[in-house]
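Enquirer: The task is simple: from the sequences and hints, build the whole structure.
So the sequence lines, in the order shown, correspond to chains A and B.
For what it's worth, the numbering used here labels the leading residue of the first sequence as 1, then goes sequentially.
For what it's worth, the numbering used here labels the leading residue of the second sequence as 1, then goes sequentially.
Where hints are given, some of them may not hold.
Quick list of in silico lysine-lysine cross-link-like pairs, BS3-like style, CA-CA up to 25 Å [what the hints assert, rightly or not]:
id : chain 1 : residue 1 : chain 2 : residue 2
1  : A       : LYS17     : B       : LYS148
2  : B       : LYS148    : A       : LYS108
3  : A       : LYS17     : A       : LYS108
In short, the hints are calculated from the structure, not lab data.
Chain by chain, the residues:
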Amino acid sequence: MSGNVNFTGSVDRDLLKRAKVIAAKSDTSVNALFNAQLRYLVETFESADASHNANYATLLAFSLGRLDADAALRALGLGSEEDLFLLMVQAHLPMPRLPEAETAEMVKALHELGG
Amino acid sequence: MAQARPAPLLLPDAGPLITLAYAGQLDLLLRPGWSLQLVDMVLHEVTRNATPSRDAITDFVARHRPPIIETATFRHHQARSASGTVPRKAGLGELAMQEAIQQLALQEPPQPAVLLFEDHKIASTSFFLPEGTLRVSTRAFLIFLEGKGWLASAAEVEQAAIRAGRLLATRNSKDFPGDDPRIREPYVL
Numbered sequence: 001m002s003g004n005v006n007f008t009g010s011v012d013r014d015l016l017k018r019a020k021v022i023a024a025k026s027d028t029s030v031n032a033l034f035n036a037q038l039r040y041l042v043e044t045f046e047s048a049d050a051s052h053n054a055n056y057a058t059l060l061a062f063s064l065g066r067l068d069a070d071a072a073l074r075a076l077g078l079g080s081e082e083d084l085f086l087l088m089v090q091a092h093l094p095m096p097r098l099p100e101a102e103t104a105e106m107v108k109a110l111h112e113l114g115g
Numbered sequence: 001m002a003q004a005r006p007a008p009l010l011l012p013d014a015g016p017l018i019t020l021a022y023a024g025q026l027d028l029l030l031r032p033g034w035s036l037q038l039v040d041m042v043l044h045e046v047t048r049n050a051t052p053s054r055d056a057i058t059d060f061v062a063r064h065r066p067p068i069i070e071t072a073t074f075r076h077h078q079a080r081s082a083s084g085t086v087p088r089k090a091g092l093g094e095l096a097m098q099e100a101i102q103q104l105a106l107q108e109p110p111q112p113a114v115l116l117f118e119d120h121k122i123a124s125t126s127f128f129l130p131e132g133t134l135r136v137s138t139r140a141f142l143i144f145l146e147g148k149g150w151l152a153s154a155a156e157v158e159q160a161a162i163r164a165g166r167l168l169a170t171r172n173s174k175d176f177p178g179d180d181p182r183i184r185e186p187y188v189l
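Expert: Here is the structure:
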């Protein structure tokens, strides 16, 4: 029998803030939202895996930054980054993101440029 | 007396053009007042196929006529295409961007530039960057615009692009890559 367990993780501050707003609007908890989305990801992955379809695993690897765009395009047989973007969107997977600190450094550099 | 530093050029890669086209916000590229220039190979990449963003990008280019930086990469690609050889496609945009950076760096004084890429390209591609040249992500650029008060919400632009992509994926299946014969197998996620 499956039961709930606690675990510790970390999440982007702004993402958590937005999730709290959605939870409040949906009259539920961030925990419930997290469970629903994790279940969606796990079940989609397992379903694709069971039918020997590697597409979702490829997109997930790209989303997590473990596969670069060219490798993902080759694995999926796609011809353009736009196709890859659309598949990521359809799969409800976020595009890969740089660490927030790296983005903040770029923003700082842009301000210093005197724009 | 110190010479004033020239204003930077803004050179977007294909990814930022696509994202901003989906968000309906290509005009944000003009907001800092820097000279927007496009690399020929990059422009070709985002306009060669009948993709949903092509019309928006073509229209934007026709309206604003940004200077196009010509590269040997694109000339080579065109020559290969004209000769009937199936040209290599992967990585040509980045190669052309690198070539454009070199052209700018060799100017006297060197021309500073802001190169715009999507996050994943920054993570996976290494460039030699001359002094005064910045490589930044679309997200960083949008946050910069927000910080300057030139944009209400950087996050909203990214979300608008995703919403447009989802709408297209669910409503307009004829344009969706799942129906594209280039894909190796029927697309099931």
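Enquirer: Work down the list of hints and note, for each, if the structure agrees.
Expert: A quick look at each hint next to the structure:
As the CA atoms of LYS17 of chain A and LYS148 of chain B are separated by approximately 23 Å, the hinted pair is consistent with the 25 Å bound. Annotation: proposed proximity of LYS148 of chain B to LYS108 of chain A holds, straight-line Cα distance about 12 Å (limit 25 Å). For the hint linking LYS17 of chain A to LYS108 of chain A, the alpha-carbon distance of about 23 Å falls within 25 Å, and the restraint holds.
The structure is consistent with each of the numbered hints, conforming to all of them.
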